[in-house]
Amino acid sequence: MPAVGQLGYLVASALFIFALHWMNTPATARKGVYAGVAATTLAIAVTWASASVIHHLWIVGAIAAGFVVGVPLSRVPLTAVPQRTALSHAFGGAAAGLVGTAEYYLRLTEAPHELTAFSMIALITEIILGFLTFTGSLMAAGKLQEIRWVPQRPVTYPLQNVMNLALLAVAVTLGAALTRHPTASWAPMLFPVIIVIALLFGVLLIIPIGGADMPTVIAILNSYAGLSAVAMGFALDNKLLITAGALDGSSGLILAVIMCNAMNRSFTNVLFGAFGQVKPAVAASEERVYKSETIEGAAQVLEQANYVVIVPGYGMAVAQAQHKVRELYDQLKKRGITVKFAIHPVAGRMPGHMNVLLAEADIPYTDLVEMDEINPDMPQVDVALVVGANDVVNPAARTDKSSPIYGMPIIDADKARSVFAIKRSKNPGFAGIDNALYFSDRTWMLFGDAKNVLGELVKQLAGGSGMH
Amino acid sequence: MDFWPTLYVFVLASFIGLGVIRRVSRLLHTPLMSLTNAISAIAVVGAILVTGGDYPLRIRILGAIALFASMTNIVSGFLITDRMLKMFKTDDKRGRS
Chain A
69 MPAVGQLGYL
79 VASALFIFAL
89 HWMNTPATAR
99 KGVYAGVAAT
109 TLAIAVTWAS
119 ASVIHHLWIV
129 GAIAAGFVVG
139 VPLSRVPLTA
149 VPQRTALSHA
159 FGGAAAGLVG
169 TAEYYLRLTE
179 APHELTAFSM
189 IALITEIILG
199 FLTFTGSLMA
209 AGKLQEIRWV
219 PQRPVTYPLQ
229 NVMNLALLAV
239 AVTLGAALTR
249 HPTASWAPML
259 FPVIIVIALL
269 FGVLLIIPIG
279 GADMPTVIAI
289 LNSYAGLSAV
299 AMGFALDNKL
309 LITAGALDGS
319 SGLILAVIMC
329 NAMNRSFTNV
339 LFGAFGQVKP
349 AVAASEERVY
359 KSETIEGAAQ
369 VLEQANYVVI
379 VPGYGMAVAQ
389 AQHKVRELYD
399 QLKKRGITVK
409 FAIHPVAGRM
419 PGHMNVLLAE
429 ADIPYTDLVE
439 MDEINPDMPQ
449 VDVALVVGAN
459 DVVNPAARTD
469 KSSPIYGMPI
479 IDADKARSVF
489 AIKRSKNPGF
499 AGIDNALYFS
509 DRTWMLFGDA
519 KNVLGELVKQ
529 LAGGSGMH
Chain B
1277 MDFWPTLYVF
1287 VLASFIGLGV
1297 IRRVSRLLHT
1307 PLMSLTNAIS
1317 AIAVVGAILV
1327 TGGDYPLRIR
1337 ILGAIALFAS
1347 MTNIVSGFLI
1357 TDRMLKMFKT
1367 DDKRGRS
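Top to bottom, those sequences are chains A and B.
Going left to right, the first sequence walks through residues 69 to 536 as the working numbering numbers them.
Going left to right, the second sequence walks through residues 1277 to 1373 as the working numbering numbers them.
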């Protein structure tokens, strides 16, 4: 590649680093997007101008098709962002896997001497990571979209982890054989076998994982997609690919670690732990009674508060209740009440999910507060309003050693002077665990669809303000 | 091929990534993920070379599918990131009320 091209790649690498750097605050974040667009455009232009590229129509066609599918995918409702993200990891994995496959067969026929041990290791890593990310992410997207034939609950069977690891070991062994004899007569037949195993492994890796663990899983798949790009960079000796892939890989890794810490669990536990298994033991606990409250009563208590903290969870996203939450926020703010949102790192189905939904509803991000910052305030809070959150406010995580979520850091909603919890039904949450918060002396339940309950509350507050 | 320089690039880029990402605001973790998605679609570079080269048809078909997939991620990744970031406002900059 000529020096101009290399310079272009170097500038693109630097721009990618700036793009991520500017994400450190919402004030500069959009600049980060522009830097990313500039870097990608530059990289595409430089590559397209390479002397070896002669089939321009093919490239135009594929790029156009990418726009046709990409633009609608960027307009999905924000509640569907987790699925979209998982789907794009699948696309990224597929791209890496396909390029790796093409490269292998190309070199096999045209330049067998280039199939060195190093490039074979890179290619095999690329296709294993790429194809397992492809099917794994498709499964994750299917679970998040609640597609009928994708099981929502974790699917487990005896010796599951042993079988998965054995399968991976087979793929690695075959890969090693291929690395030693990349041009053997059986090699072109063995390559697809590795692809099939990687595809199967991706599916098996995700089926035992439940919805509450999705934030971690999406982050891990994000990391894999980046690492498969790194492997492609090694195979093609392209340092821009390695840099961009490493940035993506480390981003996924950090997010996964944050998610794991927020659940007090380890990587291996998320991937091999099958969370749904604890349910039967919990179902045996004795019947306890909820106290419920009327809309009128709740509105009165809210009106007299000085400090209200709203704790949103996945239920808010399911009920599409974020706009009603905003209306309630406005009603309370109008009365001079301090209103903050307490955001747990794993609330929702992907990292940062709640922040995006609330920002969409036009709530200033300065009122979105992280768990560690809001918890010291909780004893001074007059009302904690729980909207569709469950496990992240369950005090059993602090006190009950037998609880499967014991040790998980939670938002201390139970320390507020009073608690209202909006809940659709009396069934336990996704993890299948009873919530001790609901039975506390200070807690009153508001049963119903979050959107309706909040709508009624807003109506009550709006009507009431005129009469006083 | 001397692969040591590439390994250096990988290790150093990972350290930069860890350092930079650690400072990303937690508010923005969802947009961060869609942004890194678009960035890692830089695999488009490999896809263009495979699609556009003077290679057998089946190789170029694999390349074209990969190019389509990467391009989809680039387009939707950057667009949705920007769409989400536009929504993050401070109190004085809110559109309504």
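Just so you know, these hints were derived from the structure itself, not from any lab.
Glycine included, every Cβ here is placed at the ideal spot set by N, Cα and C.
Heads up, some of the hints might be wrong.
Stated by the list, open to error - Pairwise CB distance ranges (calculated):
1. Thr177/A with Lys1365/B: 55 to 65 Å
2. Ala113/A with Pro1332/B: 25 to 35 Å
3. Arg1299/B with Thr251/A: 25 to 35 Å
4. Asn337/A with Arg1298/B: 36 to 46 Å
5. Pro1332/B with His181/A: 15 to 25 Å
6. Arg1299/B with Ala119/A: 17 to 27 Å
7. Asp1368/B with Thr336/A: 16 to 26 Å
8. Gln448/A with Lys1365/B: 37 to 47 Å
9. Thr336/A with Lys1365/B: 37 to 47 Å
10. Lys1362/B with Pro180/A: 47 to 57 Å
Said to hold, decoys possible - Keeping only pairs whose Cα atoms sit at most 25 Å apart, straight-line, the calculated DMTMM-like set for lysine to aspartate or glutamate is:
11. Lys408/A with Asp468/A
12. Lys401/A with Glu428/A
13. Lys408/A with Glu441/A
14. Lys408/A with Asp1330/B
15. Lys401/A with Asp1367/B
16. Lys519/A with Glu395/A
17. Lys1362/B with Asp482/A
18. Lys1362/B with Asp445/A
19. Lys99/A with Asp1367/B
20. Lys408/A with Asp482/A
21. Lys401/A with Asp435/A
22. Lys1365/B with Asp517/A
23. Lys408/A with Asp517/A
24. Lys1365/B with Asp440/A
For each hint, the structure was consulted:
In this structure, Thr177/A and Lys1365/B meet the distance hint of 55 to 65 Å, their C-beta atoms being roughly 56 Å apart. Distance hint for Ala113/A and Pro1332/B: a CB-CB separation of about 26 Å, consistent with the stated range 25 to 35 Å. Under the hint 25 to 35 Å, the C-beta atoms of Arg1299/B and Thr251/A, about 47 Å apart, miss the expected range. The hint said 36 to 46 Å for the Cβ distance between Asn337/A and Arg1298/B, and at roughly 23 Å that hint is violated.
For Pro1332/B and His181/A, the Cβ-Cβ distance of about 19 Å falls inside the hinted range of 15 to 25 Å, so the restraint holds. For Arg1299/B and Ala119/A, the hinted distance range of 17 to 27 Å is not satisfied, since their beta carbons lie about 41 Å from each other. About 47 Å separates the C-beta atoms of Asp1368/B and Thr336/A, a value inconsistent with the hinted range of 16 to 26 Å. Taking the beta carbon of each, Gln448/A and Lys1365/B are about 27 Å apart, not inside 37 to 47 Å as hinted.
With their beta carbons about 40 Å apart, Thr336/A and Lys1365/B fall inside the hinted range of 37 to 47 Å. Taking the beta carbon of each, Lys1362/B and Pro180/A are about 52 Å apart, inside 47 to 57 Å as hinted. Our distance criterion of 25 Å between C-alpha atoms is broken by Lys408/A and Asp468/A, whose separation comes to about 28 Å. A hinted pair counts as satisfied when its Cα atoms are at most 25 Å apart, and Lys401/A with Glu428/A qualifies at roughly 18 Å.
For the given pair, Lys408/A sits about 11 Å from Glu441/A by alpha-carbon distance, which is consistent with the 25 Å threshold. For the given pair, Lys408/A sits about 60 Å from Asp1330/B by alpha-carbon distance, which is inconsistent with the 25 Å threshold. Taking the CA atoms of Lys401/A and Asp1367/B, the gap is near 12 Å; set against the 25 Å cutoff, the hint holds. Proximity of Lys519/A to Glu395/A is assessed by CA-CA distance (about 11 Å); at most 25 Å being required, the pair is judged to hold.
About 34 Å separates the Cα atoms of Lys1362/B and Asp482/A, which puts this hinted pair outside 25 Å; it is violated. A distance of roughly 30 Å separates the Cα atoms of Lys1362/B and Asp445/A; the hinted pair therefore is violated under the 25 Å criterion. Between Lys99/A and Asp1367/B the alpha-carbon distance is near 21 Å, which keeps this suggested pair within the 25 Å criterion. Under the criterion of a C-alpha separation no larger than 25 Å, the hint pairing Lys408/A with Asp482/A is consistent with the structure, at around 16 Å.
Restraint check for Lys401/A and Asp435/A: satisfied, since their Cα atoms lie roughly 11 Å apart, inside the 25 Å limit. Proposed proximity of Lys1365/B and Asp517/A is contradicted: the alpha carbons are some 28 Å apart, above 25 Å. For a cut-off of 25 Å, the pair hint linking Lys408/A to Asp517/A stands: about 22 Å separates their Cα positions. A C-alpha spacing of about 22 Å is found between Lys1365/B and Asp440/A, which places the hinted pair at or below 25 Å, so the restraint holds.
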